[in-house]
Amino acid sequence: MPGEAVTRPSQVLSDDTLLEMYRLMLLSRRLDERAWALHRQGRVQFHVSAMGHEATQVGAAFAINRGVDYVVPYYRDLAMAIALGCSALDFMLGLFARRDDPWSAGRQMPCHFSDRDRHIISGSSTVATQVPQAAGLAFAVRYRQRAGLVDPQDETQPRLALTSLGEGSTNQGEWHEGMNWAGVQCLPLVCLVENNRYAISVPQTEQMAIPSVATRAAGYGAQGESVDGNDVLAVYDAMHAAVQRAYRGEGPSLVEAHTYRLTPHTSDDDDRSYRSREEVAAAGEVEPLLRYRSVLLERGLLTPKMVDDLEAQARARVDEAQRAAEAAPEPAPQEADSPVLAPLPEGLA
Amino acid sequence: MADMTLIEAIRCALDEALAQDGRVFITGEDIGRRGGVFRATQGLYEKYGARRVMDSPLTEMGIVGVGIGAALADLRPVCEIQFADFIHPAFNQIVGEAARMYYRSAGGWRVPLVIRVPYGAVPGGGLYHCQSVEALFAHIPGLKIVVPSTPRDARRLLHGAILDPNPVLFLETKYGYRQIRGEVPERDAPLLPGPARIARSGVDLSLFAWGLMAHYAEVAAERAAREDGLDVEVVDLRTLHPLDRDSVLTSVSKTGKALVVHEDNRTMGFGAEIAALLVDEAFECLDGPVKRLAAPDVPAAPFNRGMFDFFLPGPDDILAAIRDLAAY
Ligand SMILES: Cc1ncc(C[n+]2csc(CCOP(=O)(O)OP(=O)(O)O)c2C)c(N)n1
Ligand SMILES: [Mg+2]
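For the protein sequence lines, the chains are A and B, in the order given. With my numbering applied, the first sequence has no gaps in its numbers, which climb one by one up to 349 at the end. With my numbering applied, the second sequence has no gaps in its numbers, which climb one by one up to 677 at the end.
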């Protein structure tokens, strides 16, 4: 309605941005599906999937200053990494554990993202370890601002740290200790909890005595909010509020995005022992990619023809990345014994 | 030149580092207004304010984890763990995170973090304020471990640790804090982790030690010279990881005999690594068994004074071990 106040930040996203979000979700999904197929064919050793989490991750990434703000993701964040500018080839090089895998040179499992230029911090497989580190990055942001080393308004500098993890991982001490630190020091930290209701096989009801992880925020003086994690624009809105709060110096937030993983935990898991096929099928009905596609079709931003074209483009990128990664060289075996210590800077050695 | 205790030299280095580099900040439990439970940071809060000298919440995992994050963002955190005994909650952050960051990101990220850790037996400390932890961490690739035994080295090694682009565990003998004194030059270049120090050169026997035991080793070696005419070479390792292997091997190639002294318990202590190195690479030079003088295999020095003295090797024990090995 003309004159009506904008109530949702996502309402002012440009058509291009809305379509870009779709393209990235789609690319992540198709990469993910290809990885499962390659695993079934015995061509890759392992895959950990983001399928079902794409709206959560892309919505979150778009709410920060992508490539500038610090991001400390976890193993399930393929769509987030793609939304932060990592390429299909980056992913495939890691999947095939090639020498030129930019995240770890074939040392870590796939999807252990790391990109210095994009301010994506290398993560381990150990859950929740990234949370105090993210608090430390947020501390550094604030330290530099208070020391007068950077202008708090300068958008070329990191102004917050975003970290993410699963709901099960919020039972770890590191999560609590990191959140408490961020809270007591009022640090610009945003913690995204991707709540897919299971930690491998153990349901949330056996992980914590509360239905919503967001209520845990209160214990740390953080702002907590739950959102439909299958609705990319709703995630964007919730994250936008949290991000702006961080930029304004109002302290940490916890955004809990309710979603569902459409696949087993990893390629090593079989989820049939702990999730009914009915439950999984029902989740497929409300999964985020199809859902966002209908929204865009309804708004007239997408047409059936565009849907097909974008599919073809995504598929071509996946094909090309796979081809290039498969043809890429393996690391020399003796690179296992690469340095564990950084060399001393010039002039010190 | 100034005469300083070990802890004064550490405080001096912290003060200088804060003054020299705006990226340096220190954090830990009670290190602000209280100046640290050992007073290592006394006066720094007043001088540099809470932004640079920041009391942390009571969480070792947080102190190290936040330190890692700040280091990734190119600050230069110097974190204090109040007692080595309480470092274990941070083990995961040190071993799984800080030490692996460089390798796991194929050199993409580095962690220029210093963790100061008062360690070792102190009278009245009891089982949970006396632990030695060097061997637990020396096993870990990707960490540097520094243990100064003189005020001069404490000051210049702390500067070197802060300049190093890697995580450094800086172990401070708390029993030595006020017991060890020495001359500290007005101006001194930083010393990067690495080289050992020949504290006393000699030809009859090599004695390897670090921290408080290096201090005691020098005392025992002087007595061996005076009382027995034995010329003992004392090698203060100073850095356990990476180990100055050349200094170890060179010394034993000269003396043919090696004694390692540590206050950490014997089994799988760092002395075992020295012994293995010598057997492996200096076998032909050895004129006797590689001996270890170490604390018994119990958790830490007991509270009772008699038991404490039994636990902790002292100059007398070292002298006896020197005599035994020299007579072999
Ligand atoms: C400290 C630690 N313990 C156990 C594991 C093994 N593990 C990997 S993922 C996982 C479940 C994590 O569940 P959640 O936090 O909900 O994240 P999700 O995988 O569901 O996204 C477990 C137990 C681990 N990686 N780290
Ligand atoms: Mg989960």
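FYI, nobody ran anything at the bench for these hints, they're computed from the structure. Incorrect hints may have been included.
Label-pair restraints from in silico Cβ distances [to be verified]:
(1) R116/A to E395/B: 33 to 41 angstroms
(2) G371/B to E279/A: 48 to 56 angstroms
(3) D337/A to D646/B: 27 to 35 angstroms
(4) Q11/A to E395/B: 27 to 35 angstroms
(5) F440/B to R323/A: 39 to 47 angstroms
Below, a sample of chain A positions facing chain B; criterion: calculated Cβ distance under 10 angstroms [stated by the list, open to error]:
(6) G123
(7) A281
(8) R293
Here a beta-carbon is modelled for each residue, glycine too, at the ideal position from N, C-alpha and C.
Status of each hint after checking the structure:
1. R116/A to E395/B: 33 to 41 angstroms: At roughly 38 angstroms between Cβ atoms, E395/B and R116/A fall inside 33 to 41 angstroms, so the hint holds.
2. G371/B to E279/A: 48 to 56 angstroms: 55 angstroms, holds
3. D337/A to D646/B: 27 to 35 angstroms: 33 angstroms, holds
4. Q11/A to E395/B: 27 to 35 angstroms: 52 angstroms, violated
5. F440/B to R323/A: 39 to 47 angstroms: 43 angstroms, holds
6. G123: This hint holds: G123/A lies near chain B, its Cβ roughly 9 angstroms from the closest one there, short of 10 angstroms.
7. A281: Status violated, d = 38 angstroms.
8. R293: Status violated, d = 35 angstroms.
Of the numbered hints given earlier, the model fails hints 4, 7 and 8; all others are met.
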